[in-house]
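Asks: As a plain string of letters, each chain reads:
Protein chains: 2
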Amino acid sequence: MYTLSEENYLKAIYRLSQDEGKITPTAIAESLGNNPASVVDMIRKLSEKQLIEYDKKKGVELTQQGQKDAVLIVRRHRLWEVFLLEKLGYHWDEIHDIAEELEHINNDTLADRLDKFLGFPEYDPHGDPIPKANGKMAKPYSVTLAAMKTGSTCRVAAVRDTSSAFLQYLLKLNIGIGTQIQLVEKITFDNSLVISINGKDHTTVSQKFGENILVE
Amino acid sequence: MYTLSEENYLKAIYRLSQDEGKITPTAIAESLGNNPASVVDMIRKLSEKQLIEYDKKKGVELTQQGQKDAVLIVRRHRLWEVFLLEKLGYHWDEIHDIAEELEHINNDTLADRLDKFLGFPEYDPHGDPIPKANGKMAKPYSVTLAAMKTGSTCRVAAVRDTSSAFLQYLLKLNIGIGTQIQLVEKITFDNSLVISINGKDHTTVSQKFGENILVE
DNA sequence: AAATAAAATTAGTCTTGACTAATTATATTT
DNA sequence: AAATATAATTAGTCAAGACTAATTTTATTT
Chain A
0 MYTLSEENYL KAIYRLSQDE GKITPTAIAE SLGNNPASVV DMIRKLSEKQ LIEYDKKKGV
60 ELTQQGQKDA VLIVRRHRLW EVFLLEKLGY HWDEIHDIAE ELEHINNDTL ADRLDKFLGF
120 PEYDPHGDPI PKANGKMAKP YSVTLAAMKT GSTCRVAAVR DTSSAFLQYL LKLNIGIGTQ
180 IQLVEKITFD NSLVISINGK DHTTVSQKFG ENILVE
Chain B
0 MYTLSEENYL KAIYRLSQDE GKITPTAIAE SLGNNPASVV DMIRKLSEKQ LIEYDKKKGV
60 ELTQQGQKDA VLIVRRHRLW EVFLLEKLGY HWDEIHDIAE ELEHINNDTL ADRLDKFLGF
120 PEYDPHGDPI PKANGKMAKP YSVTLAAMKT GSTCRVAAVR DTSSAFLQYL LKLNIGIGTQ
180 IQLVEKITFD NSLVISINGK DHTTVSQKFG ENILVE
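Chains A and B, in that order, give the protein sequences. Take 0 as the starting number for the first sequence in numbering that gives the first Met the number 0 and just add one per residue. Take 0 as the starting number for the second sequence in numbering that gives the first Met the number 0 and just add one per residue.
Heads up, some of the hints might be wrong.
Unchecked claim - A partial selection of chain B residues facing chain A, derived with a Cβ cut-off under 7 Å: (1) L84; (2) K86; (3) E100; (4) I104; (5) R112; (6) F116; (7) L172; (8) N173.
What the hints contain is simulated information worked out from the structure, not anything from laboratory work. Everything numeric in this text was worked out from a predicted model, so none of it was measured. Beta carbons: idealized from backbone N, C-alpha and C, even for Gly.
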């Protein structure tokens with residue numbers, strides 16, 4: 000249906016569309032690690048295929064069709080992540096890259112069968128909601144640990160960064176989806192966070208860290 | 000590691016190496032549906048990478064390394080076929096094409112984990128032996144139904160052709176791996192075979208049919 | 001052995017999707 | 001508003017891997 004590159008662009012544009020603000024060629028280039036000139040070429044191609052619309056004022060936007068197809072790629076990615084973790088016993092820092100390849104295999108009923116086999120999971124191992132076959136999905140978590148009030152306690156619902164560097168760090172800190180965290184103190188100097196993990200000893204983490212943990 | 004094309008060439012050459020006789024560029028071209036000129040290019044490339052050796056007299060041969068890598072692609076293909084059939088509930092005429100895509104995903108321990116998850120199967124759903132991680136595998140079945148003696152009874156062990164046209168025909172005839180077949184009569188005119196399936200009514204099938212069923 | 005057919009190879013082209021370098025637009029400072 | 005910085009775009013190039021058409025090699029007939 001689509002080439003590997005087209006799918007990767009669609010996915011990148013979809014991901015960027017989750018943040019606020021307009022989507023520029025440069026932003027897409029950074030997100031994919033490509034040259035902006037290459038992005039301009041692909042913008043032309045995807046526009047011709049009616050998957051996106053590009054307006055200098057509004058930036059890049061997915062069309063209905065583009066949105067639909069991008070969501071299905073995300074669906075496949077997240078389903079495979081569940082499979083890799085639950086069935087093949089991978090750790091959550093190893094699954095992203097493999098799912099990145101598996102997501103491009105699109106053979107009719109494959110995603111739906113996999114979905115059924117996995118018991119129709121709502122969330123993937125990083126806490127991201129898994130789109131249903133019709134494109135619907137639960138609202139993604141959006142409140143960061145860094146935005147919590149001092150003294151409050153919350154549950155880790157998802158991680159924003161899925162790099163293995165971050166996930167391995169979390170593993171070392173004994174933090175996973177479901178972990179209880181209390182925000183003990185915010186250091187005003189650099190917005191570092193002093194937290195208590197599952198009621199245990201206090202640990203200090205950076206602001207960047209706090210912004211990559213989504214809680215509820 | 001290798002490009003998609005390189006892997007497909009390796010696999011095609013491996014498959015051809017199972018038959019007797021030398022492997023010519025034309026044979027590879029036919030097997031892949033490519034132009035012989037393209038094959039010549041790739042032969043050069045794979046030779047430079049020391050995956051094959053090409054000698055006009057001997058034809059194309061896999062080097063040790065090439066053989067090893069080709070077998071691992073076959074391993075992944077056959078493991079995924081088991082997965083698709085047993086876990087996702089596909090029928091055996093649907094799995095080949097999907098496995099053809101999945102086989103190219105090669106992420107370290109993926110095949111081994113899948114192997115374990117599936118319970119270390121010996122044969123894939125078409126009766127082909129699944130190579131182990133070290134490249135070893137059971138000897139493929141090689142006796143065709145067409146080569147049996149009239150009157151003898153055998154068990155379907157594997158199918159040679161994995162096209163959905165053939166497999167759907169088998170489905171209609173109620174023939175699968177394990178089915179008992181008695182060779183009732185060989186029609187001398189065109190080598191058609193009269194067979195009895197699981198002790199039931201007689202059916203007539205072509206010579207080509209009989210050559211694509213492997214028995215034991 | 002010569003003629004013909006088939007196979008292999010070379011040369012040149014095309015498409016995809018990346019790149020660099022140069023140029024033009026748009027924002028941001030001063 | 002002019003100067004400058006940043007972003008977007010164009011033009012041209014490159015590699016992979018396919019193709020066609022033309023040529024050379026090798027096999028097969030007669």
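Asks: For every hint, state whether the structure bears it out.
Replies: Hint by hint, here is what the structure shows:
| no. | hint | in the structure |
| --- | --- | --- |
| 1 | L84 | 11 Å, violated |
| 2 | K86 | 6 Å, holds |
| 3 | E100 | 5 Å, holds |
| 4 | I104 | 5 Å, holds |
| 5 | R112 | 4 Å, holds |
| 6 | F116 | 6 Å, holds |
| 7 | L172 | 25 Å, violated |
| 8 | N173 | 24 Å, violated |
The structure shown violates the earlier hints numbered 1, 7, 8.
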